[in-house]
Each structure stands twice: as structure tokens, then as C-alpha cells.
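Here my numbering is used: the first residue of the sequence shown is 282, the next is one more, and so on.
Worth flagging that the hints you see were computed from the coordinates, not collected in a lab. Quick caveat: nothing in here was measured; it's all calculated off a predicted structure. Honestly, I wouldn't trust all of these hints.
Said to hold, decoys possible - Straight-line alpha carbon distances no greater than 20 angstroms define the calculated EDC-like cross-link-like pairs of lysine to aspartate or glutamate that follow:
#	residue 1	residue 2
1	352	785
2	401	320
3	683	722
4	378	821
5	541	504
6	778	807
7	683	707
8	427	785
Stated by the list, open to error - Here are the computed distance ranges between Cβ atoms for each label pair:
#	residue 1	residue 2	range
9	910	683	25 to 35 angstroms
10	445	304	33 to 43 angstroms
11	602	636	15 to 25 angstroms
12	807	685	38 to 48 angstroms
13	479	799	26 to 36 angstroms
14	318	593	45 to 55 angstroms
15	574	455	21 to 31 angstroms
16	749	799	55 to 65 angstroms
17	602	479	51 to 61 angstroms
Ideal Cβ positions, reconstructed from N, Cα and C, are used throughout, including at glycine.
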Amino acid sequence: MQKSYYNNSINSFLEEDIDSIFGKLSKKHSHALEPLQKEAWKKQIEILKRITQSLDSGNIYFEFSIPRMGKRVDNIIIVKDLILLLEFKIGSSEYPKHDQNQTIDYCLDLVNFHEGSHDKKVIPILIATNAKNKSSDIVNSTNLEKCVLCNEENLETIISEVIEVLSSETTINIEEWENSIYKPTPTIIEAAQALYKNHSVEEISRNDAGRDNLSKTSEIINDVIKYSKENNKKSICFITGVPGAGKTLAGLNIANERLKIDEDEHSVFLSGNGPLVEVLQEALTRDTMNNEDLKRQDAARKAKSFIQNIHHFRDDNLGSEVAPTEKVVVFDEAQRAWQKSSVAKFMKNKKGIENFDMSEPEYLISVMDKHTNWCCIVCLIGGGQEINTGEAGVSEWIESLKSRFQNWDIYLSEKILNDTVYLKNEELINWVEQNGQKRSDLHLSISIRSFRSEKVAFLVQNILDNSNQTLEIYQSLKNNYPIYLTRDIKLAKNWLKEISKGSERIGIIASSGAKRLRSEGISVKEKISAADWFLNYDHDIRSSYYLEDIATEFDIQGLEIDYTCVAWDINMYYDEEWKFQNFIGAKWTNMNESRQNYLLNSYRVLLTRARQGMVIFIPEVDNSDWTRPKKLYDSTFEYFKSCGFDILE
Numbered sequence: 282m283q284k285s286y287y288n289n290s291i292n293s294f295l296e297e298d299i300d301s302i303f304g305k306l307s308k309k310h311s312h313a314l315e316p317l318q319k320e321a322w323k324k325q326i327e328i329l330k331r332i333t334q335s336l337d338s339g340n341i342y343f344e345f346s347i348p349r350m351g352k353r354v355d356n357i358i359i360v361k362d363l364i365l366l367l368e369f370k371i372g373s374s375e376y377p378k379h380d381q382n383q384t385i386d387y388c389l390d391l392v393n394f395h396e397g398s399h400d401k402k403v404i405p406i407l408i409a410t411n412a413k414n415k416s417s418d419i420v421n422s423t424n425l426e427k428c429v430l431c432n433e434e435n436l437e438t439i440i441s442e443v444i445e446v447l448s449s450e451t452t453i454n455i456e457e458w459e460n461s462i463y464k465p466t467p468t469i470i471e472a473a474q475a476l477y478k479n480h481s482v483e484e485i486s487r488n489d490a491g492r493d494n495l496s497k498t499s500e501i502i503n504d505v506i507k508y509s510k511e512n513n514k515k516s517i518c519f520i521t522g523v524p525g526a527g528k529t530l531a532g533l534n535i536a537n538e539r540l541k542i543d544e545d546e547h548s549v550f551l552s553g554n555g556p557l558v559e560v561l562q563e564a565l566t567r568d569t570m571n572n573e574d575l576k577r578q579d580a581a582r583k584a585k586s587f588i589q590n591i592h593h594f595r596d597d598n599l600g601s602e603v604a605p606t607e608k609v610v611v612f613d614e615a616q617r618a619w620q621k622s623s624v625a626k627f628m629k630n631k632k633g634i635e636n637f638d639m640s641e642p643e644y645l646i647s648v649m650d651k652h653t654n655w656c657c658i659v660c661l662i663g664g665g666q667e668i669n670t671g672e673a674g675v676s677e678w679i680e681s682l683k684s685r686f687q688n689w690d691i692y693l694s695e696k697i698l699n700d701t702v703y704l705k706n707e708e709l710i711n712w713v714e715q716n717g718q719k720r721s722d723l724h725l726s727i728s729i730r731s732f733r734s735e736k737v738a739f740l741v742q743n744i745l746d747n748s749n750q751t752l753e754i755y756q757s758l759k760n761n762y763p764i765y766l767t768r769d770i771k772l773a774k775n776w777l778k779e780i781s782k783g784s785e786r787i788g789i790i791a792s793s794g795a796k797r798l799r800s801e802g803i804s805v806k807e808k809i810s811a812a813d814w815f816l817n818y819d820h821d822i823r824s825s826y827y828l829e830d831i832a833t834e835f836d837i838q839g840l841e842i843d844y845t846c847v848a849w850d851i852n853m854y855y856d857e858e859w860k861f862q863n864f865i866g867a868k869w870t871n872m873n874e875s876r877q878n879y880l881l882n883s884y885r886v887l888l889t890r891a892r893q894g895m896v897i898f899i900p901e902v903d904n905s906d907w908t909r910p911k912k913l914y915d916s917t918f919e920y921f922k923s924c925g926f927d928i929l930e
């Protein structure tokens, strides 16, 4: 991706003709050039030529790329040791909060993901050309908590003041800055939107080992599909990965790439994660409405052809002998596909089908097996992420292949064979080792969710394993990824509000079994709208920002936000080791062993949802409520304290 449509030294920019600059901008613009955009550029050029007259050096950029967000900044001016980021709102007479947040977000993107900007002073400047003068906190603009606000008339004066107050005698090396590496880490929502706009995974993912891993995985899948197509083979690929390694991103990328390569393949991304599908479909719908000027129903129809609920795909093919139109299907979170007993119960109760005798993996393979020539299934597998009763794990997929579909080619990484979080059955391990084709790059080994630290998943694993290494691991990452403890929910909420900047998303999350948090005003039984929680702005009471609606592991698995408050109840508590219980009716009851693993995985999900940091809230109780024994909350708090997490004061 070209970094900017136009860049030049300030002196050369001042000397260059307006029409010449406009022509270069127009030439780089790959879409139809709208009249509003033409006028905006001409106005920006005119204003910037006027206000840069007083600058004796520096560089200027138009339409500078922000790949993570799939957008471009209007202008960047580098002068002395400052990076001035200018966002123009031509004709606007207000400074609305969403415009301020957008400007700050662009700055955060540079500071967090552009190596040349990591340690630089990046100043967000919002220009509403027709607005009234408004005082700005120039000093605090460097910490990106506030935007510098100005209009067309006072822009030159304010930029001069910014340079006078904030600059030093040092200068930024322009060549180094322009050539420095960009390492974006998009949320899955941002990634889906960018891929949908035909950006590549290389453009929107980190420029390091994590991105290389993703690219190699996509290459292997494309090679398998090509081979299957040319040789009339049916193939199934298992992509595994550590939490946050980008399995969903890899799946979206594969489905999107196949659509671009050959629309007749009708590739589709399928997920049984209802909230994830709801959020991604709604995000793409809103984005398409804004960018392509489509009606909601048309934009929604387009989004749903790319991302679908796996259960709808399953039900659409019930009783049909005809092969589906899709030749390439990507099953996200395939480890959560249902066991035979769960499918049989569903089919009997919801569909009126008696004696259904297939697990969901077996049924889904059988649907694709109806193709007479070739097809390809891509299964995205998260180890240790089954969080609900009846979820089959990878073993059911292997068992189905072994018992019914031995004519299928199987591709997988050695991780499935060697790591018990994937397969524990020795017979299945031996069978797939003999019949599968091993590809190391089908395992995504590097976490890219938390751009602050790749060690977060490792830390969480050690917390849940009661490891004596936890303190040491946390000390190595705490400067980049803070984790706090508190017994006061108000302190937790204040911390979230104070630490987030721009539109960085915050929210409270808790286990679906954390029923006694209700005493703290935290109700996990109230169903939320995932799309509203993840996508709406801070003025909407349904959004995560409002810190009222609580997302559980079922709402947030596969998604992430910047900062979380993990509200902890004693359905999983620490007493020399992790212990588990259910709250049923009016009392705590013992939990059977099979359910314990689901609950452990639920808390693993909750502890790995924050991209930048979290606070763990454990209520301070007395013994006045017999359902909330003080010793269990206290012992859990003390365990987390021993992990080295600081206490919020």
C-alpha cells in the first residue's frame, strides 16, 4: 500500500502549482473521484499553502495511509521534532466528539504501530473550517487525551503556538521516518472491514513474524485448494493457534482471497459463534452503507453472503441430496461444533427429526462430500477453548474422517498430535499421524491480539496452571500490559475511563456462571446485543463504553476490546488450587468434572480479551450473605496478588 498520495518538503510544496498537486492526488486515488473530495482537496491545498508560509523547513503529506483502520489521514506535517496530524472537516461549524476521537485514533495508530512514531510527539489537530474559536489544551495534546481544535482562520496561529510550546531543538530524520516499519494489529472487526475493502492481510497485519505466519498459512491453504481443484480431491485443513494468534483473521483472509481468485467457488466464512457473526455482519453492513451508498437491506445481504452462521448453513442443507453451491468453506471455532447427542437433541426438539445419528462435524463433512469433484473445508481450531456442554473439540472431526471419510486428504500441524489441548485419544492420534499430511505453518504460534505483549496468553496459561513462574512472566510484560486488582467496582470503572483514549473500547466482562455478582449490580443473565455492545459509540447506553451491560464468554469469544474489567465470582475460586462450583436456584452446588474444564476455558477466554490491559475485580464481602463466603473471595484475591498484579488505590 502506498503510504501517501502526495508528499514533499514544505519549501517544494509551496513552490508547486495547485493544479499539479491536485493532479498527483487524483492520479493516486483508485476510486471514482467525487465532487466533494475534489473540493476538499483544493480547499486543503489552498489553506495549507497559506499557513505553511511561516515554516522554514519540514515535510507535508496528503492522504497518509492508516492500514489497520483501512483509512487515510488528511494531512501530516513534520516540523522539527513534531508530527502534526491534521484532520480537516471542510464546511463544518462544530467539533463533535466523534471527529475528535477519529483524529486521536489516527494518532494512536501512529504511536502504537508505526515504529518511526513510537517515541515522537504526535499532535492531533482537528480543523472544522467554519467553527468558532475554541481554546485548546495544547500541552496535554501530546498525551493524546485532547485534540487541538481550530478553524480556517486561526489554524496558522495555533500551529505556530504548538511549535513554540512543544518543539525542541532536535529534528526528525525524514528518510528514517518514511521508511520505518508499520506493524498494525487490527481488531477482528477492523480486519474484516479492511479485507472486505480488498486490502491484503499483509497490509493490515503486523510486519513481523506474526504477519509472516499468517501469510504462510494462507499460502498453504491456497496451494491445497489449487491441488484439490486440479486433481478432483476433497480436502480438509486444520488451522490451530495460540489464543489471539489470528485464526479468525486467517479464515476471513482465506475466504476473501478465494472470492477474488474465483467467485464460482462461492467461498464462505462460517461460524457457530452467534455474537461474532452478528457483530461482523453488522460492522460490514454499516461500513458498506457508508462507503457504497447502499440501502441497509442490500448492504446486509452482501455481508451475509460472505459471513454466515454455521447453523444456518447446516439447516439449509437438511434433507437435500444436492451439493451446496459453496466449494470452499471456512469453519471458525470448529472445536465448538456439537457432539452427536447435542445435535440429536436439537434435531428432535427444534426440527422434528427423530434418531439423527451424526455429530455436527460428521454432518458438515457429509454435506460437502456431496460434491462429485472437489471441495475444501478449512477448520479453525482453538485449543482449550470449548466453553459449553456438548462442544466436540477436534477429536470429533478426526473421528468422523476415520469412520466415514477416509477418501479425504487431511492437512494439519504436528501441534494437534503433540498437544493434549487438541487431541487426547491415542488411537485417533495414531490414525491421523499415519493418514494426515503435516504442515508446520498450519499452526499460528504468535499471539497478535495484544500488540502490547505477545506473552499475555502464556501468562494466562500459567495463572490457570497455578504455576510458580507467573510472577516472573508478569514482571517482564507489566510495563507494556498493565493488570490491576481491585475490590471496588467504582475504582475499576474509573480506571477504564481514565486509561482509554480516543475511541479505544472499554467494557466489563464476566463468566456466565458469575451469578452472585448480581449483588454488585453486575447481572450476567441479562442478554446483550453484541452488535450494539461492540460497535456503538459511548453515548449509547447499550455500548460497552457505558459499563452497564455485561458481556460473558459467549458474547466476547473470538472478539476483543482494548481494556477490560474482568469481574470475578466464586464459581471458580482459588484455595491452594482452582476449584469449581455452580450456583443453582439459591445455593452453590458441586460441579461435575466434565463441566469444570468448560468453566476453566471460560475464564481463559475472559482473561485473554483485552488488547492493552485489564483490571480484575473481586468483590469485598463480609459474611452477612451466606452465598458469598468471605474466605473464598479473599483467597482468590490473594492468589492474584501473589501473581504481582498491582492494587488500584
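Now the hints, each set against the structure:
1. 352 <-> 785: Cα-Cα ~17 angstroms, so holds.
2. 401 <-> 320: Cα-Cα ~32 angstroms, so violated.
3. 683 <-> 722: The hint is violated at about 23 angstroms.
4. 378 <-> 821: Answer holds: residue 378 to residue 821 is near 13 angstroms, not above 20 angstroms.
5. 541 <-> 504: Holds - the C-alpha atoms of residue 504 and residue 541 are around 15 angstroms apart, at most 20 angstroms.
6. 778 <-> 807: Violated - the C-alpha atoms of residue 807 and residue 778 are around 23 angstroms apart, more than 20 angstroms.
7. 683 <-> 707: holds (13 angstroms)
8. 427 <-> 785: The given pair, whose Cα atoms are some 14 angstroms apart, holds under the 20 angstroms limit.
9. 910 <-> 683: 25 to 35 angstroms: violated (47 angstroms)
10. 445 <-> 304: 33 to 43 angstroms: holds (35 angstroms)
11. 602 <-> 636: 15 to 25 angstroms: holds (19 angstroms)
12. 807 <-> 685: 38 to 48 angstroms: holds (42 angstroms)
13. 479 <-> 799: 26 to 36 angstroms: Roughly 47 angstroms apart at Cβ, these two residues miss the hinted range, so it is violated.
14. 318 <-> 593: 45 to 55 angstroms: Taking Cβ atoms as reference, residue 318 and residue 593 lie about 39 angstroms apart, which means the hint is violated.
15. 574 <-> 455: 21 to 31 angstroms: Taking Cβ atoms as reference, residue 574 and residue 455 lie about 38 angstroms apart, which means the hint is violated.
16. 749 <-> 799: 55 to 65 angstroms: violated (35 angstroms)
17. 602 <-> 479: 51 to 61 angstroms: Distance hint for residue 602, residue 479 is violated at roughly 36 angstroms.
The earlier numbered hints that this structure contradicts are 2, 3, 6, 9, 13, 14, 15, 16, 17.
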